[in-house]
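Here the protein sequences come in this chain order: A and B. 17 is the number that full-length UniProt numbering gives to position 17 of the first sequence; each next residue is one higher, with no gaps. 28 is the number that full-length UniProt numbering gives to position 28 of the second sequence; each next residue is one higher, with no gaps.
These aren't lab readings, by the way, just hints derived from the structure by calculation. Just so you know, not all the hints are guaranteed correct.
The list treats identical chains as one, so a pair stands whether inside a single copy or across any two.
[Claimed, not checked] Simulated crosslink set (DSS-like; lysine-lysine; CA at most 30 Å straight-line): (1) Lys72 - Lys175; (2) Lys10 - Lys131; (3) Lys108 - Lys14; (4) Lys23 - Lys131; (5) Lys11 - Lys131; (6) Lys72 - Lys131; (7) Lys108 - Lys11; (8) Lys23 - Lys10; (9) Lys175 - Lys108; (10) Lys108 - Lys72; (11) Lys10 - Lys108; (12) Lys131 - Lys108.
There are 2 protein chains.
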Amino acid sequence: MDVVCENSIKKVVKEVEEIVGDKGLNCLINNAGINVLASLEEVTAETMLTIYETNTVAQLMVTKAFLPLLRKAAQLGTGMGCHRAAIINMSSLAASMQLVQANEMFLKVYPYRIAKTALNMITRCLAADLKSDGILCISLHPGWLQTDMGGNMAPMQVQEAIPGILSVLDRLGEKENGSFLDWQGETLPW
Amino acid sequence: MDVVCENSIKKVVKEVEEIVGDKGLNCLINNAGINVLASLEEVTAETMLTIYETNTVAQLMVTKAFLPLLRKAAQLGTGMGCHRAAIINMSSLAASMQLVQANEMFLKVYPYRIAKTALNMITRCLAADLKSDGILCISLHPGWLQTDMGGNMAPMQVQEAIPGILSVLDRLGEKENGSFLDWQGETLPW
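Excised from the complex, chain A in its bound form (with noise of 0.2 Å):
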């Protein structure tokens, strides 16, 4: 799925719309992302921009297409969760406000931890605005992993990360709503 494409996440709802049919969807991971290396002086514009639209505004465009799906999940489910339904935006580490000066390498990345910081505003006000639709969303940092934008210096393969973010995605309830969790379930501070 292009997430920047309107025609591209109708055409993907559809698609899952036909699997899941009337039991709507559970999960929605929110996944994609980009980055550029950009420090203060580095910095343009047009890279805010684009990062902005693939990194933040594209999970909020994939989430409202999405709705119609999880609410008729969570119309079937009580409680909150993945049994039910979630909205999981995968953030980072370096959109932590407060960690900002424990941080300073991720001051190399301008566009991508401001557009981050971003997506967890947009995980705060799905969780407000969701929760009376038995919606639950969080922001999850899976950690520095050794993918294409991770790099080779990333200290964790993908798949030590994955039993720990399951298991994270699996204990989910009504307290876990509009939090901003590592991939071992630790609050990272907004």
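Dock chain B against the given chain A, drawing on the hints supplied.
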């Protein structure tokens, strides 16, 4: 100044340079901003990008353009604050992630509050990045004011808020670098 136009920014920087000369610029207040009403149902990718460009990206670009003048002033002073060199990003209570639940009326301004949260992250990054230059950076919530944007329902007139704001700016020191304050100098949560 048109804050989303590179040439317009350059022109104003040159004009300011001619006025301040070798003394440089002591205080940059990024006050430009726009708003549109957009709830979750109404928000579009286009509105998200337009508001981000004007309320977030422009502040970073204007700041970058004024950095040589701010650095010039910083070299002539000691300590931290508006007497030396400071960047004031006009933010909003609506940008506080922690206070989302308590401000449900703000759920009607998705693009605005998400962009202002991102602006707060810019404040944090600039505060960390420019500390060694002796340039301070804060986010300031000016209060809900009876302006074109604030509307008639706002509880305060502009002239009521200004003395408080000036007093806060006057008191700024190293302790406040990277903080989120309101017009009375109270710290707001991220």
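**Message:** With identical chains, the pair Lys11 and Lys131 could be close in the same copy or across copies; at 30 Å between alpha carbons, which is it: within, between, both, or neither?
**Reply:** Classified as within: same-chain Cα gap 27 Å, cross-chain 48 Å, threshold 30 Å.
**Prompt:** Using 30 Å as the alpha-carbon threshold, which applies to Lys23 and Lys131: within, between, both, or neither?
**Reply:** This pair counts as within: shortest intra-copy Cα distance 19 Å, inter-copy 54 Å.
**Asked** Using 30 Å as the alpha-carbon threshold, which applies to Lys23 and Lys10: within, between, both, or neither?
**Response** within (19 Å within a copy, 56 Å between copies)
**Request:** Classify it for me, Lys108 with Lys72: is the Cα-Cα distance of at most 30 Å met within a copy, between copies, both or neither?
**Result:** This pair counts as between: shortest inter-copy Cα distance 24 Å, intra-copy 42 Å.
**Prompt:** Taking 30 Å as the upper bound on the Cα-Cα distance, should Lys72 and Lys131 be classified as within, between, both, or neither?
**Reply:** Classified as within; 14 Å inside a copy, 51 Å across copies.
**Message:** As a check of your reading, is Lys108 near Lys14 (CA-CA no more than 30 Å) within one copy, between copies, both or neither?
**Reply:** Between copies only: 28 Å across, 39 Å inside.
**Request:** Indicate which option fits the pair Lys72, Lys175 if close means a Cα-Cα distance not exceeding 30 Å: within, between, both or neither.
**Result:** within (22 Å within a copy, 50 Å between copies)
**Request:** If the cutoff is 30 Å on CA atoms, where do Lys10 and Lys108 land: within, between, both or neither? Let me know, please.
**Result:** So Lys10 and Lys108 pass the 30 Å test across copies only (25 Å; inside, 35 Å).
**Request:** State whether the alpha carbon distance between Lys108 and Lys11 is at most 30 Å within one copy, between copies, both, or neither.
**Result:** between (36 Å within a copy, 28 Å between copies)
**Asked** How do Lys131 and Lys108 come out at 30 Å by Cα distance, when the copy is not named: within, between, both, or neither?
**Response** between (36 Å within a copy, 16 Å between copies)
**Message:** Checking an output row: Lys10 and Lys131, CA cutoff 30 Å. Within, between, both or neither?
**Reply:** The answer is within: 24 Å in one copy meets 30 Å, while 46 Å across copies does not.
**Intra- versus inter-subunit Cα pairing at 30 Å for Lys175 with Lys108** = between (34 Å within a copy, 24 Å between copies)
In summary, this structure violates none of the numbered hints.
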